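Student: As a plain string of letters, each chain reads:
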Amino acid sequence: MGERLQGSTMKDADIKRLFYVHIFCIVSIILTTFIPSFFLEDFSVLETHLTWLCICSMCVAIINVVLYLQVKPNPSSKRSSIFHKISRLLKSCVYFFISCLLFHAIIVLYGAPLIELMLETFLFAVILSTFTTLPCLCLLGPNIKAWLRVFTRNGATSIWDNSLQITTMSSVIGAWLGAFPIPLDWERPWQVWPISCTLGATFGYMAGLLISPVWIYRNRKQLTYKSR
Amino acid sequence: MRLGSGVFAACCVVIQVLGVAVFLRGFFPVSLRPVSQVQPQPPAPEPAAGTSSNWTQLPPAIFRKVIIMLVDALRDDFVFGSKGVQFMPYTKYLMEKGFAHNFIAEAKPPTVTMPRIKALMTGSIPGFIDVVMNFNSPVLLEDNLIGQAKAAGKRVIFYGDDTWIKLFPKHFVEYDGTTSFFVPDFKEVDDNVTRHLDTVLKREDWDILILHYLGLDHIGHLTGPHSSLIGPKLKEMDYILKKIHISLLSKEKEASLPHLLVLCGDHGMSEAGGHGASSVEEVSTPLLLISSAFHRKMGNLQPPKHVQQTDLAATLAVGLGLPIPKNSVGSILYPVVEKRTMREQLRFLHLNSVQLSRLLQENVPMYEKDPGFQQFKVSEKLHGNWIKLYLEGNNSEVLLNLGKKVLKQYLDALKTLSMSLSKQVAQYDMYSMMVGAIIVLEITILLLLSTPKALCQNAAFEIPLSSSSFSLLFYLMVLILSAVHVIICTSAERTCFLCSISWLMAVGVMMLISALLCVIVALLTKTFENVRPSAQNLAASSSGWSELDLLILFGTLGHVLSLGASSFIEEEHQTWYFLINTLCLALGHEVFRNHFLGKDLDHNLAVEQNIKKNAKNVLQYKNDYVDVPETSKIYKASSSMELLPKVYEKWLQLASPWFILICCRLLRTLNQTGVQWAHRLDFGHWLTSSDHKIELSVLTCLSLIMIFVLVQRRCSSVSKVAMALGLLGVFCYRAAIGNVLLPWQRDRKSISKGIIEARFVYVFVLGILFTGIKDLLKSQIIFADVSIKSLGLWDIYNGLVLLAALLLRPHNLPVLVFSLLIQAVMTKFIWKPLKHDAAQVTIMHYWFGQAFFYFQGNSNNIATLDISAGFVGLESFIEVPALFLTVFATYIGPILWAIHLLSFLSSENNRSSAISHASFCYALICSIPVSAYIILVTSLRYHLFIWSVFSPKLLYEGVHLFITATICVFFIVMDQTNLIKP
Ligand SMILES: [Zn+2]
Ligand SMILES: [Zn+2]
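First to last, the protein sequences are chains A and B. In terms of the UniProt record's numbering, the first sequence opens at residue 1 and continues consecutively. In terms of the UniProt record's numbering, the second sequence opens at residue 1 and continues consecutively.
Keep in mind the hints are simulated off the structure, nothing from the lab. Since this is a predicted model, take the numbers as computed values, not measurements. Treat the hints with care, since some could be wrong.
Claimed, not checked - Below 27 Å or equal to it, Euclidean Cα-Cα: the simulated DSS-like pairs (lysine-lysine) are: (1) B:339 to B:404; (2) B:404 to B:381; (3) B:753 to B:778; (4) B:405 to B:369; (5) B:646 to B:388; (6) A:145 to B:650; (7) B:646 to A:145; (8) B:415 to B:369; (9) B:83 to B:242; (10) B:339 to B:92; (11) B:415 to A:91; (12) B:404 to B:377; (13) A:145 to B:832; (14) B:835 to A:145; (15) B:305 to B:92.
Build out the structure end to end from the sequences listed, making use of the hints.
Tutor: Next up, the structure:
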């Protein structure tokens, strides 16, 4: 009984931590739309979209790396040597790059132009990877098996797995939904490739960040049960 | 009545096709047919009692030059209202001075520019079906004013909206078109017209000048009719009018005949600033006829008379001394001719009424009973008497009085004729539309309600037909509906289609509607009775939905919703490409999970998943579910894989969704369809350009070889040979008509129609189909092995593939190759190993079929229809085969995928109910978009794009549903052979 109680309080603390991390992420994404205009001339999300894209993905990446390394639930094996750490780091970088390429390929398969607008497409792939792959790398490490486990139904076992699942799914779905306005003939500036998709992904990611603590909090009983 | 779900579905779709047909009949009322324009008829001679008149020629022109100044979206109050007083002083001055005849011309909906221009120039009321009848060319083929003017040697100049140039491509001696699609600009479009004015007004080498100003319409779309931009624009128009009028006046001194200046609008502007519907603001346009010939005494400024927009064509024709366009339903605006001599006036009116009564004779079977026609006959007789008196030299008061009487008679006759003719023309027949829509909706609801039962294990269920058809509700409904029918038909002024059919058939329709309603009610009550106990059961099973099911559900929903936006209809291919891409990714995920997690996770989880997946096969009704022996399935699956080493098998399976994705991406580049990106260069255009004939030949050759390789493994040995020869014939046909080059005759110039080659291929197509049917019959009669039946089905499939190879244009052959390739890959690596159930496989087939419809270059626009396929192997146009071939060639994608579904399921044969389930799902998934779309189109019938975007799509949907019905019936016939066997 006591053990369970302790477990549940631990869970609550975890959820709280998760919540703060997510709020921090959201605030920083919102800030990226304002802050750079103090330093850069005529900066706006729509007109200098690529700049914003780079800033946003960089910002999210840094925050993810720093925060998740800080609040990581179970630090990786203590006896790992520096060599081991470096190899993990390199591996993570390679994985990140591969995921960018993979996303790029998928976007092209979805019908994005192959040669023209290559940079735009690639940056879209980068921001998608930042929203999806990077948190996975931070939390799960370069371990494909673990990723697969997390991304199957009923495969997520901890709070962190669940939040990963939700944010990843929501950013991908956001990007997916973001493609819908493109064929409309409204001729708005945000219908230009890839703005609506990146915005969709960003909104999806933010929605996922908001939803996941709430969802986890409401389903915490089942989670406790499952992790046993 | 107990019915198999397949039979039920087929019946439903067939009834639905009837419903759609009734709806279409109401939506596209058959308007006045363009009369065949073979020879111009000589003008009707003047009637004369006893002696024959010497005036058989057309009367001479009244005006020397005509300038038509068309201001787009000019509403009547912009000229006649307070805005006119404020901003159009010169126009006001002309009206007050009596230089102008002013009218309010009523435009018929759709109040969109193109049909309105047609109405102005032909005097007829164009319906959409006319557009369909001469599709592929937006050129106006109907008898019209511009054509008549050109034939009479008049020189026409046009500046303005380029719709005119599309309608009359070779009629103008000089033109400058401005595109109307860039709405935010309202200055440049008008300056482009005005800049020619100074020079052209000085010149003498033209007879008709047409100016179409778009700026006002653009302002309306942007800011509405009360914006501050309207005033300056009206001022600008007034200034231009002044300029033209003064220049015309200055020239008139030398000329013998006066000039005519027409100021008009094509349609009005709603209070929101748009147009297209039938509100008073949108249909009322000013019509000003300005000429020095009209000069009246000052001071009698009368309020403008209401006339029809179609009256202008007849008036202008008379004014220019041209024959009145044949299909014109308008009557001459009498004030224009009132200054002429009595004989001329009567002559003009006679010509007009002869033309109208001819049109009436051609379109109304009971024309003699029409009051207008009777009036016309009376006045013609009187006219004859008048002429007789006139020719006898009588000049007394009697003649004048008689003349006035004849004139009045003629004007009445014209009015009545014109009224009864325009009543005939293109208006939505709401009653038929409603009846059709109700039938379609009822069927869809019926299908949806019976889904859970239809997809259960034994694929058969009870239809409460007999019980409900004797219920009180049924009789009540029939009575009410019949009463409604009688009321509508006796009160309606226009003719409805349903009122024109025999009452027996009408009662049949009413009975059908009520019977369907009763069945729905009975099913609903039954479902509600059942729901309560099994609610938990339902909730439990709905959690077993896999990602694939969710994707299918949301994809279908999303597609249906997307039909509400005109852009999504124009770009529907994007929706389908997007969906199948997502489908492939989901399949990739499933394959991945199947391979890596099935082994690594503990066995329990995998088994649990497996059971879930199987359980979902029979979604809702778990109690009906009889466990399929799982071991035998697994055994079967593994035995098929033993041919390849396990490792390769695994990697191939993992790669297959990606391979399909790459194929789809390649196919996308082949044909760029739609509207927004249609101008992008695509591979198809590159191939068909004459510089790349060698590449095209090589590609065709490779494609044909690939088709043979992919198809032959399922052929019987006889049809294998036939297939090879047939494909060879296809290449010869393409070489004969000059699409591709044969290697040994590099520079053959002579190009034949390829009749022999095409018929050579047809022989093999029929041969293969015959072999297939023979096998099917054999399997039915001799109770032989099921394999014979599936062999027969595959033969039929292959025959259709050969026909498709013949009909597809050579650059589209890769579409066929990839279609076969994807089918093969999906069969081997996805459907068999992952054990998808019949419903899932069916919907995947449907999605791919839809995507391939667009891959082959089709779109929801009639312009992309490839009618050349209808002439393959035919000496001349023969309606039935040409129609069949065109429809088949257009729907190759959906048809081939559907037949593949049937062949695949029957050769798998793991469950006897699979085909019934498949046909049910197929019917359901096709009927949902159709019924949703019919409701949409009914509510959007006054939308701006109804004729350009929504109506063609409606036709495509209708034909698609018809094909679906045919396919479902074919499914049932195939399934029935299965059922006859013990
Ligand atoms: Zn217009
Ligand atoms: Zn307009």
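Student: With reference to the structure, classify each hint as holding or not holding.
Tutor: Against the structure, the hints:
1. B:339 to B:404: holds (13 Å)
2. B:404 to B:381: holds (14 Å)
3. B:753 to B:778: violated (39 Å)
4. B:405 to B:369: Holds: residue 405 of chain B and residue 369 of chain B sit about 23 Å apart, inside 27 Å.
5. B:646 to B:388: violated (104 Å)
6. A:145 to B:650: holds (17 Å)
7. B:646 to A:145: Measuring from Cα to Cα gives roughly 21 Å; hence the hint holds.
8. B:415 to B:369: At roughly 16 Å apart (the allowed maximum being 27 Å), residue 369 of chain B and residue 415 of chain B satisfy the hint.
9. B:83 to B:242: holds (17 Å)
10. B:339 to B:92: holds (23 Å)
11. B:415 to A:91: violated (87 Å)
12. B:404 to B:377: Holds. Residue 404 of chain B to residue 377 of chain B sits at ~17 Å (cutoff 27 Å).
13. A:145 to B:832: Given that 27 Å is the threshold and the Cα spacing comes to 26 Å, the pair holds.
14. B:835 to A:145: holds (24 Å)
15. B:305 to B:92: Holds: residue 305 of chain B and residue 92 of chain B sit about 16 Å apart, inside 27 Å.
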